[in-house]
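Given chain A's structure and the hints, the job is docking chain B onto it.
Number of protein chains: 2
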Amino acid sequence: MKIPLTQYMPFLRWLLRYRREDLPGDLQAGLTVAVMLIPQGMAYAMLAGLPPIMGLYASVVPLIVYALMGSSRQLAVGPVAMVSLLVASGIEPLAEPGSSAYIQRAILLSGMVGAIQLFMGVFRVGFLVNFLSHPVISGFTSAAALIIGFSQLKHILGIPIERSHHIHRIIGQALVQIGDVHWPTVLIGVGSMAILLIFKRKRPTFPAPLIVVLLGTLAVWGFRLDESGVQIVGAIPAGFPAPALPGFNREAVIQLLPIALTISFVGFMESISVAKAIAARYRYTVDANQELVGLGLANLVGSLFQAYPVTGGFSRTAVNDQAGARTGLASIVTAICIGLILLFFTPFFHDLPRAVLAAIIMVAVFGLIDLREPIHLWRIKRSEAALLIITFLATLFLGIEPGILIGMGVSLLMFIVRSTRPHYAILGRLPGTSHYRNVERFPEAVQEPGLVIIRIDASFYFANANFLRERLERLLYASQRPRAVILDASSVNYLDATALETLVDIVRQFEENNVALLLANVKGPVRDVLKTSGLYNRIGADRFFFSVADAVDCWKQKGKQPSGETPCRSEAAILEKASAF
Amino acid sequence: MKIPLTQYMPFLRWLLRYRREDLPGDLQAGLTVAVMLIPQGMAYAMLAGLPPIMGLYASVVPLIVYALMGSSRQLAVGPVAMVSLLVASGIEPLAEPGSSAYIQRAILLSGMVGAIQLFMGVFRVGFLVNFLSHPVISGFTSAAALIIGFSQLKHILGIPIERSHHIHRIIGQALVQIGDVHWPTVLIGVGSMAILLIFKRKRPTFPAPLIVVLLGTLAVWGFRLDESGVQIVGAIPAGFPAPALPGFNREAVIQLLPIALTISFVGFMESISVAKAIAARYRYTVDANQELVGLGLANLVGSLFQAYPVTGGFSRTAVNDQAGARTGLASIVTAICIGLILLFFTPFFHDLPRAVLAAIIMVAVFGLIDLREPIHLWRIKRSEAALLIITFLATLFLGIEPGILIGMGVSLLMFIVRSTRPHYAILGRLPGTSHYRNVERFPEAVQEPGLVIIRIDASFYFANANFLRERLERLLYASQRPRAVILDASSVNYLDATALETLVDIVRQFEENNVALLLANVKGPVRDVLKTSGLYNRIGADRFFFSVADAVDCWKQKGKQPSGETPCRSEAAILEKASAF
Chain A
1 MKIPLTQYMP
11 FLRWLLRYRR
21 EDLPGDLQAG
31 LTVAVMLIPQ
41 GMAYAMLAGL
51 PPIMGLYASV
61 VPLIVYALMG
71 SSRQLAVGPV
81 AMVSLLVASG
91 IEPLAEPGSS
101 AYIQRAILLS
111 GMVGAIQLFM
121 GVFRVGFLVN
131 FLSHPVISGF
141 TSAAALIIGF
151 SQLKHILGIP
161 IERSHHIHRI
171 IGQALVQIGD
181 VHWPTVLIGV
191 GSMAILLIFK
201 RKRPTFPAPL
211 IVVLLGTLAV
221 WGFRLDESGV
231 QIVGAIPAGF
241 PAPALPGFNR
251 EAVIQLLPIA
261 LTISFVGFME
271 SISVAKAIAA
281 RYRYTVDANQ
291 ELVGLGLANL
301 VGSLFQAYPV
311 TGGFSRTAVN
321 DQAGARTGLA
331 SIVTAICIGL
341 ILLFFTPFFH
351 DLPRAVLAAI
361 IMVAVFGLID
371 LREPIHLWRI
381 KRSEAALLII
391 TFLATLFLGI
401 EPGILIGMGV
411 SLLMFIVRST
421 RPHYAILGRL
431 PGTSHYRNVE
441 RFPEAVQEPG
451 LVIIRIDASF
461 YFANANFLRE
471 RLERLLYASQ
481 RPRAVILDAS
491 SVNYLDATAL
501 ETLVDIVRQF
511 EENNVALLLA
521 NVKGPVRDVL
531 KTSGLYNRIG
541 ADRFFFSVAD
551 AVDCWKQKGK
561 QPSGETPCRS
571 EAAILEKASA
581 F
Chain B
582 MKIPLTQYMP
592 FLRWLLRYRR
602 EDLPGDLQAG
612 LTVAVMLIPQ
622 GMAYAMLAGL
632 PPIMGLYASV
642 VPLIVYALMG
652 SSRQLAVGPV
662 AMVSLLVASG
672 IEPLAEPGSS
682 AYIQRAILLS
692 GMVGAIQLFM
702 GVFRVGFLVN
712 FLSHPVISGF
722 TSAAALIIGF
732 SQLKHILGIP
742 IERSHHIHRI
752 IGQALVQIGD
762 VHWPTVLIGV
772 GSMAILLIFK
782 RKRPTFPAPL
792 IVVLLGTLAV
802 WGFRLDESGV
812 QIVGAIPAGF
822 PAPALPGFNR
832 EAVIQLLPIA
842 LTISFVGFME
852 SISVAKAIAA
862 RYRYTVDANQ
872 ELVGLGLANL
882 VGSLFQAYPV
892 TGGFSRTAVN
902 DQAGARTGLA
912 SIVTAICIGL
922 ILLFFTPFFH
932 DLPRAVLAAI
942 IMVAVFGLID
952 LREPIHLWRI
962 KRSEAALLII
972 TFLATLFLGI
982 EPGILIGMGV
992 SLLMFIVRST
1002 RPHYAILGRL
1012 PGTSHYRNVE
1022 RFPEAVQEPG
1032 LVIIRIDASF
1042 YFANANFLRE
1052 RLERLLYASQ
1062 RPRAVILDAS
1072 SVNYLDATAL
1082 ETLVDIVRQF
1092 EENNVALLLA
1102 NVKGPVRDVL
1112 KTSGLYNRIG
1122 ADRFFFSVAD
1132 AVDCWKQKGK
1142 QPSGETPCRS
1152 EAAILEKASA
1162 F
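Taken in sequence, the protein lines are chains A and B.
Okay, so the first sequence: first residue is 1 according to this note's numbering, each after it adds one.
Okay, so the second sequence: first residue is 582 according to this note's numbering, each after it adds one.
If you are wondering where the hints come from, they were derived from the structure by calculation, not from laboratory data.
In this text, a Cβ means the ideal position worked out from N, Cα and C, and glycines have one as well.
Keep in mind that a hint or two might mislead.
[What the hints assert, rightly or not] To spell it out: a stretch of chain A is covered by chain B in this simulated footprint if at least three of its residues, at any positions, have a beta carbon under 8 Å from a beta carbon of chain B; those stretches are:
1) 147–156
2) 418–431
3) 491–505
This is chain A alone, in the form it adopts within the complex (with noise of 0.2 Å):
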């Protein structure tokens, strides 16, 4: 009766085994991340152009739903940095940050995400999330915290700035207006970034964002700050959000799809890989098409209670499992503290400054940019590097979605024009042995007069099989003719129809300047393809060899005896007497 009912209850795989020693660490774990998320939610709600009670709005439903349906046991779902910054660049265009078309918009788009991502759970196309490389995830990234980062400084300096995503505008509006800053909010601003870098630093598992937000607010309900200019939080309405469905309207739907599609898979990609990461440590399995399905009903039911779009985060998912989270009980236990803040506690948050929200945003995403990993890459390979630079300067200046679609478009591109002029070597014996490797990187092997050994290192298809033609046929017009090539196709995973032709056609021009072709180590998917079109046996079974030395051997010895006669290990031959053992 389990088996089948954990497929659509995953949860029921932690509660039906519920053992009483986990109880404690949940219990911890889920209030630790309920005093993280408290001033993080109405932050990243902040960033989102949303009222910063939407932030809390988003971490209640979505966690309990996918406390139920995700498969991770210490994933922590909820408002992300990254996917606020995301829900903002989409919805701007459309509506008054902070209007009520605006809000609407928003969780009109966290259903829309949800349903995305069910979607691709369901129809199991999870696996597109692995176009995303390293490095454009770390170039997009870094540029995104900047653009993050930077769009506080108006908080944080207590000055009007023009919302933008072009980091340049942003520093050009800041430099004109420096005269003019807010010296309180700067102050206050200032110091609580102060406060977080240093217990970030020396104690990172200390509540520091909640202390800010509590001295934030003191300060301003002791000094009355708020009437000499610092922007607060202001009234927010208590209680529960009440369920309603979205507003729904085609032409709106129409516009939020590109930001809905870029949000199912930024914030698919951040959750997981964070998933998996934990899973790894605790030897339990994330599916990839699981944790779709979970944060797309997270999103689609969040929606209903007016949610904006949510996913797992990485700090607060660390900070969960260092504080003990052993189920997904654990994020009920957030829930449900957010729930108690939302119901009796949120007149406390009138006075808090809005400055510290944004040095709350500020310290963490700054974290996120990542230096350490272009000078690797750098060191490793070139164009790798060069593949971040492009996506950081793409998403930095052309903006958030533009940066990602360049970053994957151009690491396909490489990974496809790198395959149009692949790497070969001409192979030499390595004395003693009866290995045969490139003799650039092994001066010691040694060539046979008259042979020709060469390995071309790639699959044959449509768009190398003319850079394989001119190679092979360079051989042949060469100035000192070889009388035999074997070509080692160990490399060679894969044939197809094109390359065949290809082929063909080097077949028949070796024949006709009389230079034997041998093939050595070719795989049962490329075989298949010369048997089935014929050229295996126009080639003749007696060519192909299991290893470049069998080749060579063979060929020494007809040159001998030139009848032609003499029994060549060829693939045919062992296998005929292997069949014999």
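Here is chain B on its own, set in the frame of chain A:
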């Protein structure tokens, strides 16, 4: 003096060494092609929506320019069916076929195609044409041939059919009006097709097109069939096309850009494939980039003499070759013949029925429909047959340009998707040898208990890094965990940063689970990445082997002597010995 000049004046290559004995062949071939080109040129111009005379204009200057600047000696440049169809499909939405605006745009298009091809040639991006695979070309060509053929139905049947690239609409209109066909026209059209088909089968070198042109013209002239409704070519101006700058404006250039790019690409593809085939027969090389320069200049200069886009065609090149062309002089002879026709014989074409030209087009293009290729592909590789059919259907129902773009997109996508789920094999030893092969394909192959040898047939990169991880983790968490795993990396042509991170993680997991991981057949480019990243030393130099057999031997020895100090034949050990030789 010769070498550097021929770079810019390729014709010097044949002119400076011109042999008297080549002259008769060149003359005969030039005349033969001219005889073919007169009706074909007019027919293809009609297909392009242009007055027939434009086909002759395009058969003078471009031929001479190509003969001087191209690298093929037999290629017959001029109007061809595919490019003419593309011209029609691109300009019809912008102007009324046959109108002055339409003609001006066709000439401008030729200039744009020329400029693009020249640019591609100068910047050496001719390799881009490699991205068109055989199945895509075959599917596209067959569909385009059908569209071209059916577009001529109105001329054969003598009924008005609205131009359309949706073949079902053409057939529908024809069926609706089937009772209104113009019988004299049908007689001429079907009769011409019958004559052409008979000669095509029985005597392919016979100039049947010229015969049907002659017969059709005589029939109209003798029986005054034009008065009873047979559509004729009508009055055409005599004289050589006057040089003039094509009408140029920014808006027109932008509108024509997509079709100009398509024609540059498709035209070049048709030309280079036939040029390469012929060059291979005569043992000279054509350079893709020089060909682009030659064709580009032919189109660019042609557009100054009222030519519409041209390229090298299949059929006329074959005739040129068979009739004895040895150098570019043959094309110059052809151009002179056409020039003389333009100067003195245009009145002769007044009574030529359009049905004859339509018959010439239909017979020519239906020969391009290739049924053997899909059947052949179906036998070798279903996925490539599917690719052909997708391209065919997309071209037929969505149009010429979407068809070719979808074909290219799908073929690249197939390549990428295939690489994300690579083929892999568990290896065993073939009895009596040191060869290790896929145990599924070679049931006689023997496996060692406690040892798994796996070969993953792909470059490791971001899109398949997760596949790789899951495949190797499955070995670790199998019910019977092996004591050692040998990864045969002979097929791994490349390792990117994302896959490297994954590999680091896998190595860690193997260590934690006390399963030895040995690597065999690691290639130079992969070893470089492993070394610079430090993973090579982490894994240990003594765990890299030149062959699976060496790795197995070493593992077996270690099992017996737990000291681990046995003289294994690792890469390092072998190289040390080899350098002592």
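Practice task
Return the numbers of the hints above that this structure violates; sort them in rising order.
Solution key: 1
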